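Novice: If you want the building blocks of each chain, they are given just below.
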Amino acid sequence: MSVLKTPNQAAAAADVDQVHVVQRSSLALTMRRLSRDPASVIAAVFIIVLVLFAVFAPTIAAWTGHGPDEQFRETGLSPSGIPVGPGAEFLFGTDQLGRDVLVRLAYGARISLLVGVVASIVAATIGVTVGMLAGYFGGRVDTLLSRIMDLVMSVPFLLAAIALVSVLGPSLQLSIAVIIFFTWTPIGRVIRGQVLALKQREFVEAARSLGAGHLGIMFRDILPNLMVPIIIYSTLMIPSAIVFEATLSFLGMGIVPPTASWGGMLSEAAGNSIYLAAPWLVIIPGTALLFTTLAFNLLGDGLRDALDPRAARKA
Amino acid sequence: MSEQATIKTSAAAEPLLKVRELEKFFTLPGKGLLQRNGATVYAVNGISLDVHAGRTLGVVGESGCGKSTAGRTIMRLLEPTGGKIEFDGRDITRVKGESLRMLRRQMQMVFQDPKGSLNSRQTIGTILSAPFRIQKVTPPGGTRLAIQDLMDRVGLNPEHYNRYPHEFSGGQQQRIGVARAIALSPKLIVCDEPVSALDASIQAQVVNLLKDIQDETGVAYVFIAHDLAVVRHIADEVAVMYLGQIMERGPMDVVFNRPMHPYTHALLSAVPILDPAARSRERIVLSRDLPSPLAPPSGCVFRTRCPIAQDICAVEAPPVTEPEPGHLIACHFPSTTPPSTSALPMRVIHTSTQKTN
Numbered sequence: 000m001s002v003l004k005t006p007n008q009a010a011a012a013a014d015v016d017q018v019h020v021v022q023r024s025s026l027a028l029t030m031r032r033l034s035r036d037p038a039s040v041i042a043a044v045f046i047i048v049l050v051l052f053a054v055f056a057p058t059i060a061a062w063t064g065h066g067p068d069e070q071f072r073e074t075g076l077s078p079s080g081i082p083v084g085p086g087a088e089f090l091f092g093t094d095q096l097g098r099d100v101l102v103r104l105a106y107g108a109r110i111s112l113l114v115g116v117v118a119s120i121v122a123a124t125i126g127v128t129v130g131m132l133a134g135y136f137g138g139r140v141d142t143l144l145s146r147i148m149d150l151v152m153s154v155p156f157l158l159a160a161i162a163l164v165s166v167l168g169p170s171l172q173l174s175i176a177v178i179i180f181f182t183w184t185p186i187g188r189v190i191r192g193q194v195l196a197l198k199q200r201e202f203v204e205a206a207r208s209l210g211a212g213h214l215g216i217m218f219r220d221i222l223p224n225l226m227v228p229i230i231i232y233s234t235l236m237i238p239s240a241i242v243f244e245a246t247l248s249f250l251g252m253g254i255v256p257p258t259a260s261w262g263g264m265l266s267e268a269a270g271n272s273i274y275l276a277a278p279w280l281v282i283i284p285g286t287a288l289l290f291t292t293l294a295f296n297l298l299g300d301g302l303r304d305a306l307d308p309r310a311a312r313k314a
Numbered sequence: 000m001s002e003q004a005t006i007k008t009s010a011a012a013e014p015l016l017k018v019r020e021l022e023k024f025f026t027l028p029g030k031g032l033l034q035r036n037g038a039t040v041y042a043v044n045g046i047s048l049d050v051h052a053g054r055t056l057g058v059v060g061e062s063g064c065g066k067s068t069a070g071r072t073i074m075r076l077l078e079p080t081g082g083k084i085e086f087d088g089r090d091i092t093r094v095k096g097e098s099l100r101m102l103r104r105q106m107q108m109v110f111q112d113p114k115g116s117l118n119s120r121q122t123i124g125t126i127l128s129a130p131f132r133i134q135k136v137t138p139p140g141g142t143r144l145a146i147q148d149l150m151d152r153v154g155l156n157p158e159h160y161n162r163y164p165h166e167f168s169g170g171q172q173q174r175i176g177v178a179r180a181i182a183l184s185p186k187l188i189v190c191d192e193p194v195s196a197l198d199a200s201i202q203a204q205v206v207n208l209l210k211d212i213q214d215e216t217g218v219a220y221v222f223i224a225h226d227l228a229v230v231r232h233i234a235d236e237v238a239v240m241y242l243g244q245i246m247e248r249g250p251m252d253v254v255f256n257r258p259m260h261p262y263t264h265a266l267l268s269a270v271p272i273l274d275p276a277a278r279s280r281e282r283i284v285l286s287r288d289l290p291s292p293l294a295p296p297s298g299c300v301f302r303t304r305c306p307i308a309q310d311i312c313a314v315e316a317p318p319v320t321e322p323e324p325g326h327l328i329a330c331h332f333p334s335t336t337p338p339s340t341s342a343l344p345m346r347v348i349h350t351s352t353q354k355t356n
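Top line first, the protein sequences correspond to chains A and B.
With the first letter of the first sequence counted as 1, position 66 gets the number 65 in numbering that gives the first Met the number 0; the numbers rise by one all the way through.
With the first letter of the second sequence counted as 1, position 121 gets the number 120 in numbering that gives the first Met the number 0; the numbers rise by one all the way through.
In case anyone wonders, no lab produced these hints; they're calculated from the structure.
Predicted model only: the values in this text are computed from it and were never measured.
Ideal placement from N, C-alpha and C gives every residue a C-beta, glycine not left out.
Hints are not guaranteed to be accurate.
Stated by the list, open to error - Some but not every residue of chain A turned toward chain B, in silico, with C-beta under 10 Å: (1) I161; (2) A162; (3) P169; (4) V203; (5) R207; (6) S208; (7) G210; (8) G215.
Excised from the complex, chain A in its bound form:
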């Protein structure tokens, strides 16, 4: 490389070099960066397995021959009424009513993922809308919406949830609504800040100078530039929604029994201190919850690094 070249030779060499340069789209580059991070890859694989586990819950029930709410008082409980531990018949053991923990775990995964994904999508939509309106219009709109966000953030989550459940009665819909209500504010603030910066950019001014309206500028010019924080924050909202749902179910304010849910399973294990005799009733749903939240958090972190390569990775 140290050989001096005339401009023509250098240009020719550059031409040859260009043949080897592959032009990659930003999506391809993001996926490449993501795939170089082992934690993200493991997390992504775990999430895919979890999704398959939830999707094929009925298949698992059919394969084991145990329904999710079916009680096996003869085979699943010892003569003295103690649950049977993990074994050939019940892979993850049974619970205090003689139900198959594996099957219930799979059906519980459906609830967890449903709540996590639905709540984070709806919460992100609300957060992005409010944040964009506040940041774009500024002034009084911003003051009003920002104060509403402050207000929501200052409401104590559990007290409000208990109050709502005691009035309306526990249900899946109510848990999702409560989770959405308490999770849209952080993304709303982030988006507001981003929009405040973006609306000063010259391309927004260029759109205005062409006569574009507010809606057009917000959707065509600003929103596409917000995709990175939206993707990252939505991913990071899933685990907190899953934990919220488990918390609500654990306290008896979420999913109504006998429908399986991870928080409900933990709650039942705690009842009558049955976990002292059957520790798998805590360990199995607890581990599932731990690894699921960990996987989504790791994937969210990995996505942030992969989508924003300029963010310094001090490692």
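On the provided structure of chain A, position chain B as indicated by the hints.
Specialist: Using the frame of chain A, we list chain B on its own:
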């Protein structure tokens, strides 16, 4: 300031753009809860300009003198605080909504930062389709054909239709900005330092492109710049701005060859001269910084840095005089001779004894 209202246009034809006593003030937010409004920035403080169809007005001045704010206010991207903007014989100072949108077809803008003025998430095709889409104009032969024709006109390869802005060089990005501005064949384009972010070699290309487009379409330009050499190359008329006001205005060769305002003398003396043998002139270096536009000096705004300032300059704003037709000066003591070496508080350096910088 109010004296500038007496400015008369010397040109026979009615100008395309007529700006009178234009003001744009910004109110800073107050500190504390109870104090809603803080200090006021006098960014544009009563300027008057004329731009004739097919001609170019160069607006020059230091950074922070309000020339970009003036351009944006004329474009109605900022709400004017006071004054009047007339375009094509129509008062556009307060137009809103649909009529403002229709006006955008006639007035366009080229921005300073070529990269920042293009949305990095959109392809060139999408960016250049925006004028047609927003204005609901369907060009004959379809939008795609019109866009490729535009790209061809500004010297871009029409095959690059589907590329993203970051795949282009700065000069090419600015050509995209120019293509977007000329898409709807406007009568006026405000160019806000369109070449100051570009390499010197690319600057000439873009300036020549703008000139070619003017010859072709008869568009008028308001060309905002701090580089006098670029302005000399493109402008027919020049307005020299200082701290939100116009110091001197007139035909380009008059202002450049027979300047009468001490600030114009200082600006022109700072232009580099290529021939070392010709560097016998005195370089006038202005001392002190630009005063804050939060609290402009009383009387003449330039007096704090003016080498020939007298007592009256602090008391009275200078009247606008017109020593020859079309040449307007806002100074109590206009003179074609540059301010003398002995004058204070200006430092004067003989460039002939200086090493080239």
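Novice: So, for every hint listed, does it hold in this structure?
Specialist: Checked hints:
1. I161: Status violated, d = 36 Å.
2. A162: violated (33 Å)
3. P169: Status violated, d = 43 Å.
4. V203: Because about 8 Å separates V203/A from the closest Cβ in chain B, which is inside the 10 Å limit, the hint holds.
5. R207: Nearest chain B Cβ about 6 Å off; hint holds.
6. S208: holds (5 Å)
7. G210: holds (4 Å)
8. G215: holds (7 Å)
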